Amino acid sequence: MSASSFRSAFRLAVFCLSSGAVLGACSKAPEEPEFDHGLKKPLVRKLREELAETPCDKAKAQQLAQLLLDTGDMKGLTRVTDTFGEKCGPNIVLLQLAYTANARAGEKELALKAATALVTAQPDNASYHVWRGLSLEALGRTEETAAALQKAFDLQPGQRPILNSLVKTYDALGKPCEALAAYQRFVENAKPSEAKSAEVQEQLQERAAKTSCPAQETAAPDASVTPEAAAKP
Numbered sequence: 001m002s003a004s005s006f007r008s009a010f011r012l013a014v015f016c017l018s019s020g021a022v023l024g025a026c027s028k029a030p031e032e033p034e035f036d037h038g039l040k041k042p043l044v045r046k047l048r049e050e051l052a053e054t055p056c057d058k059a060k061a062q063q064l065a066q067l068l069l070d071t072g073d074m075k076g077l078t079r080v081t082d083t084f085g086e087k088c089g090p091n092i093v094l095l096q097l098a099y100t101a102n103a104r105a106g107e108k109e110l111a112l113k114a115a116t117a118l119v120t121a122q123p124d125n126a127s128y129h130v131w132r133g134l135s136l137e138a139l140g141r142t143e144e145t146a147a148a149l150q151k152a153f154d155l156q157p158g159q160r161p162i163l164n165s166l167v168k169t170y171d172a173l174g175k176p177c178e179a180l181a182a183y184q185r186f187v188e189n190a191k192p193s194e195a196k197s198a199e200v201q202e203q204l205q206e207r208a209a210k211t212s213c214p215a216q217e218t219a220a221p222d223a224s225v226t227p228e229a230a231a232k233p
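According to the numbering used here, the sequence shown holds residues 1 to 233 in order.
Because the hints were derived from the structure by calculation, they are not lab data.
Note that the coordinates shown come from a computational prediction; the quantities given were computed from them, not determined experimentally.
Hints should not be assumed to be uniformly reliable.
Stated by the list, open to error - Cut-off 25 Å, straight-line C-alpha distance, at most; resulting in silico cross-link-like pairs (PhoX-like, lysine-lysine):
| id | residue 1 | residue 2 |
| --- | --- | --- |
| 1 | 108 | 46 |
| 2 | 58 | 41 |
| 3 | 75 | 60 |
| 4 | 108 | 75 |
| 5 | 87 | 60 |
| 6 | 113 | 151 |
| 7 | 75 | 87 |
| 8 | 113 | 60 |
| 9 | 175 | 210 |
| 10 | 196 | 210 |
| 11 | 168 | 210 |
| 12 | 191 | 168 |
| 13 | 108 | 151 |
| 14 | 151 | 87 |
| 15 | 196 | 175 |
| 16 | 151 | 75 |
| 17 | 46 | 58 |
| 18 | 46 | 75 |
Working from the sequences, and respecting the hints, build out all of it.
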């Protein structure tokens, strides 16, 4: 927002408060000042005009969304994504940009909305379930976070970053058996170098020793890794 636009909005707000809304002039909230896109303003205007004529032009919509992200217009980017989705169906690139923008701006609900749309569009993409889990975690919805991350882990059980996030969430929920089961499943699916790493084996041994869980067919700690080796950093 430019300094002049801000001053105009501020003067109007002061007038409304002091005048008692004379003749209903202030019965409605002042319109939000136009976002200042700086040197990119002409291109933003051009793309918006072109999209008004051809609203389902994916290339132009994506170009405009990227431009809005680059200039920091997160609300404008969200509007472009929503409008395109309503008229033309979901667009993965636009949803990715919307998630990135809103997560970066701390717009938790909007980030969750974009991540959920990505999951709906591509349910077999583990990354989108992770994004949804991170959005839910930011909102303090821990049970739902665990469910989203578990889905991501089901799709890619050999991925250490997903394992770490999932186990952290189960620990926060006080669910040691689920956390142990995740480690055991990771060992069954990960690359041998990762499955037999000292850190993973140490976690397996410590969690198995501290937890009494229902019997199930799961991976045991690698016998070739001694407790002394597992204890090494």
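Against the structure, the hints come out as follows:
Our distance criterion of 25 Å between C-alpha atoms is broken by residue 108 and residue 46, whose separation comes to about 30 Å. Between residue 58 and residue 41 the alpha-carbon distance is near 20 Å, which keeps this suggested pair within the 25 Å criterion. With a CA separation close to 18 Å, the supplied pair residue 75 and residue 60 stays within the 25 Å bound. Restraint check for residue 108 and residue 75: satisfied, since their Cα atoms lie roughly 13 Å apart, inside the 25 Å limit.
With a CA separation close to 15 Å, the supplied pair residue 87 and residue 60 stays within the 25 Å bound. Taken as a hint, the residue 113 and residue 151 pair is honoured in the structure, with Cα atoms around 18 Å apart against an allowance of 25 Å. At roughly 18 Å between alpha-carbon atoms, residue 75 and residue 87 fall within 25 Å of each other, so this suggested pair holds. The hinted pair formed by residue 113 and residue 60 meets the criterion: a straight-line CA distance of about 23 Å does not exceed 25 Å.
Simply put, residue 175 and residue 210 have alpha-carbon atoms about 12 Å apart, close enough for the 25 Å limit, and the pair holds. Taking the CA atoms of residue 196 and residue 210, the gap is about 20 Å. The hint holds against a cut of 25 Å. For the suggested pair residue 168 and residue 210, the alpha carbons sit about 16 Å apart, so the restraint of at most 25 Å is met. Our distance criterion of 25 Å between C-alpha atoms is met by residue 191 and residue 168, whose separation comes to about 21 Å.
Straight-line distance between C-alpha atoms of residue 108 and residue 151 comes to about 20 Å, which keeps the hinted pair within the 25 Å bound. Restraint check for residue 151 and residue 87: the C-alpha separation of about 30 Å exceeds 25 Å, so the hint is violated. Of the pairs offered as hints, the one joining residue 196 and residue 175 holds, with about 24 Å between alpha carbons and a cut-off of 25 Å not exceeded. Of the pairs offered as hints, the one joining residue 151 and residue 75 is violated, with about 30 Å between alpha carbons and a cut-off of 25 Å exceeded.
For the proposed pair residue 46 and residue 58, the alpha carbon gap of about 15 Å is at most 25 Å, so the pair holds. Between residue 46 and residue 75 the CA atoms are separated by roughly 18 Å; this keeps the pair inside 25 Å, and the hint holds.
The structure does not agree with the numbered hints 1, 14 and 16 stated previously, though it agrees with the rest.
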